[in-house]
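Start from the sequences, fold in the hints, and give me the full structure.
What follows is the residue order along each chain.
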Amino acid sequence: MREAHPTDEWQMKSNVKDDVCYAQPKTLEQRLAIANDFTKRFNYPLPFGVDDMSNAANDAYAAWPERLYVIDESGRVAYRGGMGPFKYNPKEVRDWLASRYGEVKHQETKIEEKGLQKSAGKPEEKSQTSK
Amino acid sequence: MRKTLLWIAISFSALVFVAFIGLSLMAGSPKDALYMVRYALPHMHRGNLKVGDVAPDARLVALNGFDHFRIREGSSGKPLVLVFGSFT
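Chains as they are written, first to last, in numbering that gives the first Met the number 0: chain A, 0 to 130; chain B, 0 to 87.
Incorrect hints may have been included.
The calculated lysine-lysine pairs, modelled on DSBU-like cross-linking and capped at a C-alpha distance of 30 Å, are [claimed, not checked]:
# : chain 1 : residue 1 : chain 2 : residue 2
1 : B       : Lys-77    : A       : Lys-90
2 : B       : Lys-77    : A       : Lys-86
3 : A       : Lys-16    : B       : Lys-30
Note that these hints are calculated values from the structure, not bench results. This structure is a prediction, so every number in the text was calculated from the model and none was measured.
Structure representation (structure tokens):
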């Protein structure tokens, strides 16, 4: 989806510090290049999709700049997170999943980025990520 | 009449000023507040999707740029966590 803090709009100091500096994509190829950089840089392990330039997925889910959803087994929205960044709350999703499906077993997943190593829990549920 | 209009203008200006201060605190600085209003607010939407609604099965592009798939494709009766965001 649209970049939240591109260099030609509202860039933040943290983008420069973290070397995440991109202009707002004007073509799908540019958007895909950023998505590929993200997945490669973090060795991202989950299924990943990119919204096309019509922003159809974003419009359908009111997802920008970031938002979390859980879709249940019947294909209905079971959980709708708040609009990020202020109401973007992964812990709330984990708690929601635990209360509905039982405690989620986590396996340690190393996310490596330029020498930094972060440890992140990977839920057993299949996750789909859209950028 | 002019006095009323003057007070309305003063009150409105004070409201705008207070809102700008609030936004500046929330965003981090006055510059960030301006950029938030210019670049972020036009794209932030609450949307109409509610818990219990059928999840829109929008089409996404795979990372290779050629393949496409539907959001719910492949979940086959399992719950699905959707994480929307951008790199920046």
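List of violated hint numbers, smallest to largest = Result: no hint breaks.
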